[in-house]
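Here is what each chain is made of, one letter per residue.
Number of protein chains: 2
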Amino acid sequence: MDRFFNPSSVVVIGSSNSPFNLGASISYALSCLGYTGRMFAVNSKGEDVHGSRGFKSVFDIPGEVDLAIVLTPARVVPAIVRECGEKGIRHLIIETAEFSEAGEEGKRLQEEISECAREFGIRFLGPNCLGTINAHNKFCCFFGITPGMYDGVFDRPGSISFIIQSGGIGALIIDSFRKDITNINKVVSIGNKEDVDESDLIEYFKGDNTEVICLYLESIKNGRKLLETAKRTKKPVLIYKVGRTGEGSKAAMSHTAGMANNDVIFESACRQAGIVRLKSISELYTLPKMFTSMPLMKGKRVAVFTNSGAFGGITADLIVESGLEMASFSEETKERLRSTAKLFNVSNPVDLGPTLGKQTFIEIWDAILSSDRVDGLLAVPNVWQKVVVEAICELGNICKKYDKPAAIYIPNAIDRILSIRTEYNLPVFESPEEATRALTVSYQHYRSLGRKEKEALAV
Amino acid sequence: MDRFFNPSSVVVIGSSNSPFNLGASISYALSCLGYTGRMFAVNSKGEDVHGSRGFKSVFDIPGEVDLAIVLTPARVVPAIVRECGEKGIRHLIIETAEFSEAGEEGKRLQEEISECAREFGIRFLGPNCLGTINAHNKFCCFFGITPGMYDGVFDRPGSISFIIQSGGIGALIIDSFRKDITNINKVVSIGNKEDVDESDLIEYFKGDNTEVICLYLESIKNGRKLLETAKRTKKPVLIYKVGRTGEGSKAAMSHTAGMANNDVIFESACRQAGIVRLKSISELYTLPKMFTSMPLMKGKRVAVFTNSGAFGGITADLIVESGLEMASFSEETKERLRSTAKLFNVSNPVDLGPTLGKQTFIEIWDAILSSDRVDGLLAVPNVWQKVVVEAICELGNICKKYDKPAAIYIPNAIDRILSIRTEYNLPVFESPEEATRALTVSYQHYRSLGRKEKEALAV
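Quick mapping for you: the protein sequence lines, in order, are chains L and W. Take the first sequence: its position 174, counting from 1, is numbered 173 in numbering that gives the first Met the number 0, and each next residue is one higher. Take the second sequence: its position 443, counting from 1, is numbered 442 in numbering that gives the first Met the number 0, and each next residue is one higher.
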């Protein structure tokens with residue numbers, strides 16, 4: 000599977016210098032992003048394209064080729080697959096569309112490709128996909144890339160990997176990480192996933208340098224396989240799936256030809272396999288930072304800290320509605336809180352008046368997180384003064400000390416939240432709902448890890 | 000009620016030149032924001048404060064005073080209320096805290112104030128509140144304001160009015176409108192609402208230049224009164240209420256001394272009175288633009304347009320889950336759509352490939368919105384090129400032409416959404432969930448208007 004992300008040589012079949020040629024955009028991306036493997040292009044004229052040496056056929060390319068990227072008209076793809084097979088290429092990314100998502104003729108073509116690939120032992124991604132990105136080695140075979148578009152990914156490689164069944168969602172995710180503290184490790188667009196599917200890729204990301212595995216799916220190819228693969232994975236697996244309703248399934252079908260799946264079955268599979276099911280598309284890029292920047296939450300008792308009184312009530316509602324609990328402090332904890340500053344409320348939610356020194360915040364958070372009646376902190380500090388941001392910068396250390404997480408939301412306009420987050424590299428969420436959700440999924444993953452370990456022992 | 004927002008003379012009792020004096024921040028705000036009424040300050044030295052003429056007592060102020068703002072220690076407030084009464088002041092904003100939210104002694108003091116006010120026919124806001132803002136006449140008696148803090152409100156007055164039971168939420172709302180196309184008309188913080196309550200203020204906003212009435216409540220003072228007032232209001236009334244759970248109510252109680260209310264009763268009251276109940280605090284500032292920038296949605300059949308295929312399925316799920324329906328196009332509409340461009344899908348959701356000219360978008364949207372099988376449009380155009388933004392700029396006119404709304408979401412990182420929204424003054428939402436929700440509340444308000452009209456005829 001690693002060849003799809005780390006090929007030492009790659010050919011783009013259908014890359015030429017004609018105007019609007021999409022294959023050329025891949026050759027261009029490979030050359031300008033800094034990928035260092037050997038690069039070839041195949042086109043009818045055999046011409047070089049953006050620094051990739053050109054040939055009329057794969058047979059003319061000297062030596063072995065790790066990976067072929069196919070972006071030609073659909074009808075010629077079966078013949079190209081055969082040629083690749085005969086050349087000895089065993090990994091293909093078929094980006095061309097107009098296959099099973101487009102009707103009967105496309106379906107037939109897709110089956111033909113599949114048979115041919117089996118014959119040669121070829122593994123392939125797609126058809127109807129965008130390909131892969133590997134931020135660490137600057138490999139990118141997404142078509143339609145223009146210079147600078149994804150600089151944020153390659154300049155600052157991260158540890159989150161994505162398996163997506165839509166190029167558009169890939170672009171959205173890449174764009175959104177620009178404004179966050181985590182970043183992308185690898186992205187793979189699976190399209191109609193005739194051969195390589197989501198489970199194969201989870202299996203791969205289980206073993207590489209990925210910390211969090213995220214999926215956007217329009218259909219599940221093989222539910223049993225997904226369930227079994229996810230069960231063996233200790234890394235968090237986060238899935239957003241379209242098709243919770245009949246209308247949603249229908250729309251997805253016209254997009255990537257997914258079969259309508261029974262959503263109830265998927266839901267229960269998630270529970271069994273310890274998959275975190277996401278509730279909105281934005282959770283794909285907002286929640287991973289909870290796993291990379293904070294310890295897991297090992298119980299459901301949450302303490303709330305706020306210095307903007309209203310958020311005590313708002314977050315208490317959200318915590319209870321999420322199935323978590325409001326922690327109940329011991330007299331000792333309350334006494335410690337009383338000694339820190341004038342608090343409006345020393346019970347949970349802790350409500351701090353207009354303060355003061357950075358140290359006050361730190362003492363309060365230490366008092367809360369050191370309590371054995373508290374499993375995690377929902378912190379809603381109001382950022383009036385710079386000193387509050389400086390205090391928040393220390394919160395991560397207190398969390399590490401007690402091995403408990405904090406989810407932070409600062410009640411400001413979204414642009415201010417974004418700028419504080421990126422400037423100080425802080426795991427700040429964009430709404431109280433998102434922060435509560437982050438604690439919820441953290442605890443959910445912790446519990447499923449426990450179940451997985453038990454099952455592993457039982458075997 | 001208008002005196003609270005449009006006083007021709009105002010005294011701040013407890014405004015002095017001592018360091019950290021909160022009253023002084025009000026005198027300062029009045030003088031520097033551009034309020035043009037007469038301004039006085041009362042303090043023990045009788046000194047002038049930031050351009051407000053100073054006196055030792057209200058009795059010394061020459062002539063009548065429309066409004067007194069009280070920000071003194073709680074224990075002296077009853078005596079001050081009496082003095083104001085004797086001076087003939089009939090409107091008070093009591094911003095001082097430490098009343099019923101702080102325990103038995105505070106509760107007693109609050110009752111004392113109330114009795115005294117009744118004796119003199121005084122109406123008052125608070126105690127434990129922030130006061131009022133009127134963007135149009137640049138009147139602001141929020142304490143703790145620093146220069147420039149709320150410039151966005153006064154530079155660009157809007158038509159949304161807020162009744163809030165928390166100063167912190169007020170600040171968040173004001174901050175957030177900086178990045179939106181609508182803006183604030185008036186804000187009133189009601190605190191412990193011993194006298195003037197949410198219903199009195201809805202009644203007032205019903206008759207002024209407000210277009211949308213938004214509330215943040217921690218408790219309902221008089222459910223019957225709220226129900227009856229909202230029933231007589233044709234303007235949209237949007238409420239976020241804390242205390243959906245027992246823990247939320249408990250937390251709110253320590254903040255503004257609200258009584259725990261039965262949430263089930265509130266929910267059913269909202270339905271009866273045509274109140275739109277908000278699901279998150281951010282909806283207080285994100286949803287009003289749907290009412291100010293688009294016609295109401297008069298049925299539940301929604302068409303989806305996207306040029307980022309995945310969003311067809313994502314939004315179809317959201318529409319069905321919201322209780323709306325995916326519109327089903329006539330053959331005629333499909334034919335018209337086919338004639339505009341190469342579409343991936345001419346059924347609903349309409350999926351447009353990589354295009355092209357501004358005119359194509361406009362023709363497609365016209366074809367959709369002109370159909371008598373469509374009540375509204377959920378548009379998810381992908382902004383790759385400037386031409387797409389230019390097309391979106393025209394969408395408002397098509398909506399006006401057919402008297403149907405469109406909710407727009409552009410799948411980009413949040414900072415790009417914000418910048419397109421403000422630069423082009425477009426009603427763009429921040430997520431597909433928010434856009435779907437906007438259509439849902441639009442239709443909800445339309446239906447309740449119908450019910451209200453029927454009931455009015457029946458009377």
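Incorrect hints may have been included.
Which copy? The list can't say, so a pair holds if one copy fits it or any two copies do.
Derived SDA-like pairs: lysine to any residue, alpha-carbon spacing no greater than 20 Å straight-line [said to hold, decoys possible]:
#, residue 1, residue 2
1, 55, 85
2, 205, 387
3, 357, 267
4, 249, 319
I should point out that these hints are in silico values taken from the structure, not numbers from a laboratory.
Violated hints - listed by number, lowest first: 2, 3
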